[in-house]
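Asker: Sequence:
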Amino acid sequence: MTEPTLSERLAEWILDFEIDQASVAARQGAADTILDTVCLAVAALDSDYGTAVRTAFSDEGKATVWGLVEGRSPEAAAAINGTCGHGEDYDNTFEGCPVHTGVVIVPALVAASERHGLDAADTARGIVVGLEVMCRLGLVADKSVHKAGFHPTAVLGAMAAAAGVSAALRLERDAIRNALGVAGSMASGIIEYLADGSSTKRLHPGWAAQSGLRAAALGAAGFTGPATVFEGTHGFFNGFSNPRATDFSPFIDGLGERWESARLAFKPFACGTMTQPYVDCAIDLRTRGIAPEDVVSLTCDVGEGTVHRLWEPTESKKAPPTPYAAKFSGPYCIAAGWIWGDAGLAQFTETAVRDPRALDLASKVRFRVDPENEYPANYTGHIRATLADGSQVEAFVPCMRGGARAPLSREDLLVKARANLSFAGRDPDQAQAVADWADRLMAGGGKVETHVLKLC
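UniProt numbering applies: residue 1 is where the sequence shown begins, and numbers increase by one.
Heads up, none of these hints are tricks.
Listed below are the simulated DSS-like cross-link pairs for lysine-lysine, each with C-alpha atoms no more than 30 Å apart in a straight line:
no. : residue 1 : residue 2
1   : LYS62     : LYS454
2   : LYS62     : LYS447
3   : LYS147    : LYS364
4   : LYS143    : LYS364
No wet-lab data here; the hints were simulated from the structure.
Put together the whole structure using the sequences plus the hints.
Answerer: Okay, structure coming up:
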């Protein structure tokens with residue numbers, strides 16, 4: 001008898017899974033993800049990229065674009081919601097691999113629910129499956145997808161969205177396997193945006209979300225995809241990983257018993273995941289009364305896998321060409337935390353990233369690769385500052401605030417959501433309505449009343 005492929009094993013688990021089998025922590029993480037994702041998407045609707053993506057994806061329909069009265073087709077709504085939710089790089093992530101789960105899975109599943117009239121139990125089932133699959137794919141991918149030049153959120157997201165939508169629709173085993181096989185050929189997203197801070201990274205989760213919808217539809221219709229999509233010679237991991245991934249046990253082992261999605265991380269700052277502990281280090285030094293002008297030099301101990309995204313090329317990281325590029329600049333993010341005591345949406349505007357004080361402090365930042373750094377299993381921050389009087393001070397943060405080791409509370413997330421809605425000129429009290437909607441959905445009873453997400 002032939003050994004089942006990874007997609008077939010995953011399909012078998014999906015067939016048997018019900019939402020009440022998920023751990024309390026996994027369901028809470030999913031509800032918090034919905035709150036975080038929706039309010040971030042609304043905050044970006046009127047941005048330049050938000051306006052562009054709404055103009056580009058103008059297909060008429062009844063699916064909800066969060067924060068808008070008028071609807072779109074389900075695919076267009078998923079693409080817009082995912083793009084806007086990820087646009088400020090303020091959305092949730094996963095410490096086993098920096099994948100942004102919420103902005104792929106929530107847009108895809110809300111759109112699928114609206115298209116097919118799904119109840120809360122099936123919608124919640126799909127969200128939890130999608131989040132879990134994406135995290136587990138990230139554990140296999142580790143740092144290799146980035147090294148190969150691809151964006152993990154983009155390529156892993158298409159696969160996870162296909163799994164989540166297939167679960168919500170209760171597709172049969174062969175249809176799920178085919179949906180996953182098709183999604184492998186829809187997955188895409190390169191990280192060349194790092195060169196100039198352009199907007200393609202923002203599009204990646206929205207594209208993955210709508211790809212998951214389309215892949216599930218094709219699988220349900222009988223369109224075939226390779227059963228060995230994950231492990232095959234020309235399969236997903238061999239195509240998107242370098243070096244090739246060979247240990248698939250984190251993907252399949254313990255499904256339904258060990259919930260990786262219960263460890264989702266929520267960002268306190270609107271910038272790249274790996275910069276977060278360094279911002280907290282900078283804020284720590286600020287609170288000790290150390291003035292930026294007294295700093296002669298700053299040395300940061302970093303993980304080798306973060307260098308090409310946050311620390312090099314040196315000149316553009318010290319003087320980011322755009323506000324978006326500043327989000328992936330270790331030097332600028334440190335300067336923002338030190339000067340303003342925060343790295344929220346207000347610190348990534350054209351005015352902020354041109355501030356002479358920030359650019360002066362960023363110019364003093366250096367990095368040193370620490371071979372003992374735990375990245376990507378854990379995100380730490382370590383800064384040594386040399387001051388004008390010759391003395392040195394250090395700050396060390398042992399983990400990412402908002403991650404599994406130091407989680408944010410629901411109230412923390414509500415404070416963040418209210419601030420994001422206020423930034424967009426919306427009523428901040430609507431954040432509570434979104435949180436309540438998410439809790440009702442993950443309780444798995446009744447209809448899915450998406451009118452709440454119009455926030456009007």
